[in-house]
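Protein chains in written order, with numbering that gives the first Met the number 0: chain A, 0 to 309; chain B, 0 to 309.
Hints may be right or wrong, so weigh each one.
Heads up, the list lumps identical chains together, so a pair's fine if it works in one copy or across two of them.
[What the hints assert, rightly or not] Simulated pairs of lysine to aspartate or glutamate, EDC-like, Cα-Cα distance not exceeding 20 Å: (1) K272 / E31; (2) K92 / D132; (3) K272 / D17; (4) K23 / E268; (5) K92 / E57; (6) K111 / D196.
Everything labelled a hint here was simulated from the structure, so no lab data went into it.
Number of protein chains: 2
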Amino acid sequence: MSTNLRGILAPALTAVTDNFQIHKERTLAHFEWLLGDGCDGLLVFGTTSEGNSFSVAERRRLLEDAVDAGINPQKLFVGTGCCALSDSIELTKHAVQIGCAGVLTLPPFYYKELSDDGLFQYFASLIEGVSNDRLRLYLYHIPPIAVVHFSFPLIERLIAHYPGVVAGIKDSSGDWEHTRQLIERFAKRGFDVFPADECTLLAALRIGAAGCISGTANVSARLFQTIYTSWQIAEAEVWQTVVNKVRQVFLGYPRIPALKAIIARMRGESAWKNMQPPLLPLPESERAGLFEQLTDAGFDWPALRGRELL
Amino acid sequence: MSTNLRGILAPALTAVTDNFQIHKERTLAHFEWLLGDGCDGLLVFGTTSEGNSFSVAERRRLLEDAVDAGINPQKLFVGTGCCALSDSIELTKHAVQIGCAGVLTLPPFYYKELSDDGLFQYFASLIEGVSNDRLRLYLYHIPPIAVVHFSFPLIERLIAHYPGVVAGIKDSSGDWEHTRQLIERFAKRGFDVFPADECTLLAALRIGAAGCISGTANVSARLFQTIYTSWQIAEAEVWQTVVNKVRQVFLGYPRIPALKAIIARMRGESAWKNMQPPLLPLPESERAGLFEQLTDAGFDWPALRGRELL
Numbered sequence: 000m001s002t003n004l005r006g007i008l009a010p011a012l013t014a015v016t017d018n019f020q021i022h023k024e025r026t027l028a029h030f031e032w033l034l035g036d037g038c039d040g041l042l043v044f045g046t047t048s049e050g051n052s053f054s055v056a057e058r059r060r061l062l063e064d065a066v067d068a069g070i071n072p073q074k075l076f077v078g079t080g081c082c083a084l085s086d087s088i089e090l091t092k093h094a095v096q097i098g099c100a101g102v103l104t105l106p107p108f109y110y111k112e113l114s115d116d117g118l119f120q121y122f123a124s125l126i127e128g129v130s131n132d133r134l135r136l137y138l139y140h141i142p143p144i145a146v147v148h149f150s151f152p153l154i155e156r157l158i159a160h161y162p163g164v165v166a167g168i169k170d171s172s173g174d175w176e177h178t179r180q181l182i183e184r185f186a187k188r189g190f191d192v193f194p195a196d197e198c199t200l201l202a203a204l205r206i207g208a209a210g211c212i213s214g215t216a217n218v219s220a221r222l223f224q225t226i227y228t229s230w231q232i233a234e235a236e237v238w239q240t241v242v243n244k245v246r247q248v249f250l251g252y253p254r255i256p257a258l259k260a261i262i263a264r265m266r267g268e269s270a271w272k273n274m275q276p277p278l279l280p281l282p283e284s285e286r287a288g289l290f291e292q293l294t295d296a297g298f299d300w301p302a303l304r305g306r307e308l309l
Numbered sequence: 000m001s002t003n004l005r006g007i008l009a010p011a012l013t014a015v016t017d018n019f020q021i022h023k024e025r026t027l028a029h030f031e032w033l034l035g036d037g038c039d040g041l042l043v044f045g046t047t048s049e050g051n052s053f054s055v056a057e058r059r060r061l062l063e064d065a066v067d068a069g070i071n072p073q074k075l076f077v078g079t080g081c082c083a084l085s086d087s088i089e090l091t092k093h094a095v096q097i098g099c100a101g102v103l104t105l106p107p108f109y110y111k112e113l114s115d116d117g118l119f120q121y122f123a124s125l126i127e128g129v130s131n132d133r134l135r136l137y138l139y140h141i142p143p144i145a146v147v148h149f150s151f152p153l154i155e156r157l158i159a160h161y162p163g164v165v166a167g168i169k170d171s172s173g174d175w176e177h178t179r180q181l182i183e184r185f186a187k188r189g190f191d192v193f194p195a196d197e198c199t200l201l202a203a204l205r206i207g208a209a210g211c212i213s214g215t216a217n218v219s220a221r222l223f224q225t226i227y228t229s230w231q232i233a234e235a236e237v238w239q240t241v242v243n244k245v246r247q248v249f250l251g252y253p254r255i256p257a258l259k260a261i262i263a264r265m266r267g268e269s270a271w272k273n274m275q276p277p278l279l280p281l282p283e284s285e286r287a288g289l290f291e292q293l294t295d296a297g298f299d300w301p302a303l304r305g306r307e308l309l
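Excised from the complex, chain A in its bound form (with noise of 0.2 Å):
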């Protein structure tokens, strides 16, 4: 049976500071409320990390910091997808030498329109120039964002190149038919399937997945940890109702500044809100909306241990 790290896994947010630095303390009391609170890990620099947005430099301090403050990195995968391989490699390296539990690697996401062999020749490169038995690479697919994608015909070509290596995928497509067909093909060979979509969280477990990496996490990991513990029971799928319909609320702001906002009321801290460039803070006039709208859906509001916000 592998060991490899699988469940309820946040994105994690990171909180940065007014001149657009990382808040390392703010950053770090959210990863540990996150372990705490409902996660079986956390995504480091993932996308609603706001991952690409930090240098390598700015990236590999946060987790030293992280490990140091007494984070178990065996908790923690970590984004080292850039577009330059050196980049790329030296973040991979980083994580693996410090403990990681695994990678989450983007595709070189610059130019479009990538052939399987230039990818396969970019992955095969980071592989080897990683070069490390302990290393578990997962494939980050978000073709929404990233536009490039990984192709059926590639998974197979690098999980038979580098057997148990390249461990698994986030499945950001946002198209249940697709998360479907990867569980299906994949995950009885032992190559661990992420859906990010919690609205099919039961439906993917139910065949397979290996749990659920969501942005939502950083406030509903709770609520998605008893449907991960319990999807065999009829229950679950009145949980499922509720993050269905949470969901959709999320659907009419954006992501990220919504969800920096609800954890700046949580914490009261309303340096919270703050985004790095490009993206910006929800804007003051939305956040009474978004709140309003979560609550009548039957949002599961976090709280901090001894302290109620409702």
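Position chain B against the provided structure of chain A, taking the given hints into account.
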């Protein structure tokens, strides 16, 4: 009269080793050859240069090597647009400190469907982060690859806030109507518009373009220079016809690999064909066809001084 760099600029190819490092000697020899063979200047680390496929450290080092080797930084634009604001600031500061004529800056290209407000915030933060009156920033508009683009209102706003600093644009939209509108709206106000499509060179010069920054200037700068300096005379149209025919040939091949194959042939250095992943060299099987079609189209094969190759 502004002393800003204008004319025919090549987004200079970057030679890479078999191990995906920048080959310094080959690259600098190419820079020197271009500046002696029709180019008024170079764009270092543009799209054709595979600029985003190299790390910040690799990019800084090559630029320093170029200046150390005696290349006049006042002949250089530098590509500095990254996804991470801190990377763009670092590269832009470095280019200004080293004395480069300007920077050509992509919008942050990871997230898509960005607001003009978010892009303005990014560029304002970049310009204020660099904080140097010598900065000449050119916008790198290349929606077919970056997807994120510069709207006319955003350009207006950037010019209004940073007059003289926001100095121009390279238009790689591939849409003549867009290029025409850019020139007509902005060129008279001292904002330099460089089309990327050499098929529009003559037409663009006649209405006020500042020159041309096209990938194929790596192999055709002499001819482009002839049109640039003689666009008022009737014969320019004959030269433009040749340019157009050659462009048609390039449309049938992956552009950057084809350009590297031509330089490899000219120099008799087969390693010039190397590409940085995820791009791949032109397949051997396609080389002869490319070369034959170029010759048939009237391509003026580039040559090293004192060494004719055809």
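Here's how the hints hold up against the structure:
In the homo-oligomer, the alpha carbons of K272 and E31 lie at most 20 Å apart inside one protomer (19 Å), although the nearest pairing across protomers, at 49 Å, exceeds that limit. Within a single copy, K92 and D132 get their C-alpha atoms as close as 11 Å, which meets the 20 Å cut-off; across copies the closest is 39 Å, which misses it. Taking identical chains as interchangeable, the C-alpha atoms of K272 and D17 lie at most 20 Å apart only when both belong to the same chain, with a minimum of 10 Å there against 46 Å between chains. Taking the closest pair of Cα atoms, K23 and E268 come within 20 Å of each other only inside a single copy of the chain (14 Å); across copies the shortest separation is 50 Å, beyond that limit.
In this assembly of identical chains, the alpha carbons of K92 and E57 lie at most 20 Å apart whether taken from the same copy (15 Å) or from different copies (18 Å). For the identical chains of this complex, K111 and D196 are inter-copy neighbours only, at 19 Å across copies versus 24 Å inside a copy, given an alpha-carbon limit of 20 Å.
Consistency with the previously given hints is maintained throughout, with no hint failing.
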